[in-house]
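Taking the hints into account, I'd like the entire structure generated from these sequences.
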Amino acid sequence: MTDSFSKNANQGAGLSRRKLLAGGAALTAGGLTGFPFINRMALRAQDAPLQFWQFYAPGGQVAPQVEWFEKAIADWNDGHEQKIELVYVPNSEYINGTKLATSFASGTGPDIFIISPGDFLRYYNGGVLHDLTPFIDEAARADFPESVIANRMVDGKIYGIPMEVEPMAMYYSIKAFEEAGLNENDVPKTWEELLEVAQKLTTPERYGVLFETTPGYYQNFTWYPFLWQGGGEFQTVDGKSAFDSPATVQALKFWQDAINSGAAPRQVLGNGANDATANLGSGYCAMQNVGIWAISQLTNNAPDVPFGVFRLPTPPNGKYVTVGGGWAFVANAKGKNPDAAAEFCAWALASMEQDSIDRVVTWCTKAKSDMPPRNSALQAGGDAFNQGIMGVFSKEIHPGTRAEPRVPPEVYKIISDAIQQTQLGGADPQATATAASQQLDAFLASYSGAPIL
Amino acid sequence: MTDQVAEMGYAAERRGLSTKHREWLAGYLFVLPDALGLFVFLGVPMVLSLVIGFFEVDGFGSYRFVGLANYARMMKDPLFWSSAKVTALYAIMLVPLLYVFGLGLALLVQKTNRFNAVMRSMFFAPHIVSLVVVALVWQLMAVDKIGVLSRALSALGLTGVSLLGNPSFALVAVVAVSLWFLMGYYMLIFLGGLQDIPAQYYEAAEIDGAGPLQRFWHITLPLLKPTSFFVLMVSMVAAVAGAQAFDIIYVMTKGGPANATSVLILYIYQQAFGFGAFGYAAAMASILVITLMLLTAVLFLLTRGGRFEHE
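Residue numbers (the working numbering), protein chains in the order written: chain D, 76 to 528; chain E, 3 to 313.
Keep in mind that the hints were calculated from the coordinates and are not lab data.
Beta carbons are placed, not taken as given, at the ideal position from N, Cα and C, and that holds for glycine.
All the pointers check out, no bait thrown in.
Pairwise CB distance ranges, derived in the manner of DEER restraints:
1. Ser20/E with Ser181/D: 44 to 52 Å
2. Gly135/D with Lys87/E: 37 to 45 Å
3. Ser156/E with Gly501/D: 18 to 26 Å
4. Val134/E with Glu213/D: 45 to 53 Å
5. Gln505/D with Phe218/E: 55 to 63 Å
6. Gln505/D with Arg153/E: 34 to 42 Å
7. Leu110/E with Ala517/D: 52 to 60 Å
8. Val150/E with Glu271/D: 27 to 35 Å
Okay, here's the thing in structure tokens:
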């Protein structure tokens with residue numbers, strides 16, 4: 076073997092060591108330089124379809140959701156020259172993961188994507204949100220209530236079109252209530268009553284009530300109503316911190332008391348406290364603080380668990396208010412064809428054409444269980460929004476909805492740390508609120524992006 | 003064969019290269035692909051990271067030179083310091099435990115027989131499981147009230163203990179899972195070290211009347227010095243910046259509760275990918291790498307690079 080190899084190498088015939096190395100080096104160089112360039116060129120070709128990134132993947136929790144996306148894209152592609160294709164990104168890799176962030180950092184962000192209010196400022200301040208206003212009729216613009224569209228607007232221009240409104244509420248297991256000798260008349264109306272009922276529902280195998288415990292945007296989102304109910308805000312109208320207030324202290328203490336009483340868990344199951352199937356549905360808790368989407372979760376994935384909903388209880392002298400989240404379609408201002416992407420967003424969700432209205436109704440009633448972001452969709456949906464649990468939402472819960480705040484990541488983190496330190500760390504709510512307020516003031520003084528709402 | 007060698011020598015002379023130089027060239031060419039890989043995928047990103055640390059980068063293509071501003075921000079950032087403290091605690095707990103358990107397991111399964119072969123495989127098995135799966139399984143076992151571990155603690159009279167939801171226990175729980183995942187790997191390294199110790203030393207010591215403990219203290223431990231250096235160095239790097247330090251914590255606690263498990267590498271990730279502060283994250287990463295290099299240098303000096311006294 077050695078001989079033949081040496082012979083070949085020196086005679087220059089066949090595959091010599093030198094040729095092998097040279098070929099390898101050429102291939103490596105080609106791989107490192109040429110192929111990505113070629114791929115990128117292909118992707119950037121003008122006739123390439125626009126990419127629409129979202130996380131409702133085939134095989135996901137609820138089948139009608141992906142079908143809705145597929146139908147919307149198929150309908151658009153049937154009638155438009157500029158084609159669009161769906162790209163599924165797992166939720167954990169999406170907003171809170173690396174994929175979306177690195178794609179924008181490398182200049183290859185998706186043409187169309189969906190974001191929640193919590194992420195709006197980051198992307199708006201980054202200059203990647205395209206102005207959708209020119210593509211939306213005045214009649215369609217007026218169809219979106221101010222409370223729904225305001226946190227997707229800057230200087231009167233629309234940068235995101237909401238596809239849903241997702242108010243938060245309390246869900247309860249009817250079976251757990253019955254086991255504890257309770258019924259729907261015992262549904263708590265105040266914070267104090269909530270903790271009392273939660274104690275009664277707590278067993279060695281089950282928690283009485285569940286609030287989110289994992290740090291993140293979602294935990295902040297679920298905590299805001301408790302802050303607002305006592306009249307609290309995190310910033311004043313002139314842009315200073317309002318976090319050091321009795322309302323903040325009261326809200327922080329309420330979640331802390333729930334944990335300290337032993338009626339609320341320090342951990343949540345499944346995908347988090349937004350997952351009603353894994354928590355209420357599994358019997359881990361008897362009451363759960365979760366949004367309207369839990370109707371479809373429980374109906375589809377835990378059909379044997381009868382449940383009811385009630386609006387968030389209020390503190391002494393407090394006023395009922397809940398928070399409404401929801402995702403929105405946005406177009407990448409630095410994408411391949413921003414105008415076509417914007418046109419698609421408007422066509423899909425913000426046109427006065429019946430198809431567009433029906434699309435919103437289908438999403439909110441069949442794919443998910445949400446309140447519609449448009450007045451026309453609320454009317455077109457008719458009974459679907461007025462019967463059963465959805466009826467409770469539209470009549471009792473949704474009227475007190477306030478839009479999810481849009482905050483920069485730095486503000487989110489300060490509030491998140493305050494919640495975590497008091498809820499799970501046992502810190503003094505007053506001292507925590509004061510310290511967080513000082514941090515907020517320091518940040519707000521140097522902030523120069525779009526208004527925080 | 004003689005003809006071929008002569009022919010090779012002639013060909014080399016013809017090209018102006020001596021046999022020694024050709025050997026030298028061939029050696030470097032063989033190393034070249036690996037060196038290229040390291041340069042492209044480690045060297046270049048490290049240099050870029052160092053450079054980006056001097057810029058404000060918003061994650062959308064905007065770069066603004068800010069000099070040492072990111073480093074100044076770091077000095078005043080309480081979360082940077084609390085994450086550094088958590089990282090130090092994690093490493094202080096994990097590294098000695100890995101050493102003790104790695105060596106202990108290696109000693110237990112040192113002798114070659116079928117039973118030990120099975121045990122070695124079992125101890126190493128966790129290391130081949132995906133870190134995400136490891137974290138999810140342990141997370142489920144540690145769930146409040148209904149998890150296997152919580153039930154076991156309740157049976158012992160420790161009701162209401164939340165292993166991952168209480169800041170007092172969460173870091174310890176994460177260290178325990180990291181230890182479970184990594185100890186089989188270090189067992190394997192120690193096994194290699196133990197097999198390098200000549201059996202005659204033990205036989206001579208036994209004849210001289212040395213007991214098992216004396217043999218361990220005076221033969222095994224001193225002769226494991228190079229292995230110990232390697233284990234301490236690698237486990238320290240793993241504790242500060244290893245995949246398990248990020249993956250297990252990201253899946254099990256997301257840095258909570260109340261930042262009790264927010265190690266520096268997780269905080270860097272949050273700043274970069276969660277908040278889009280790539281410049282600040284790069285500056286922190288640079289400090290982390292420099293700190294690791296300094297710690298390694300100190301360890302190297304203290305142990306003379308794992309060399310024996312006579313070397």
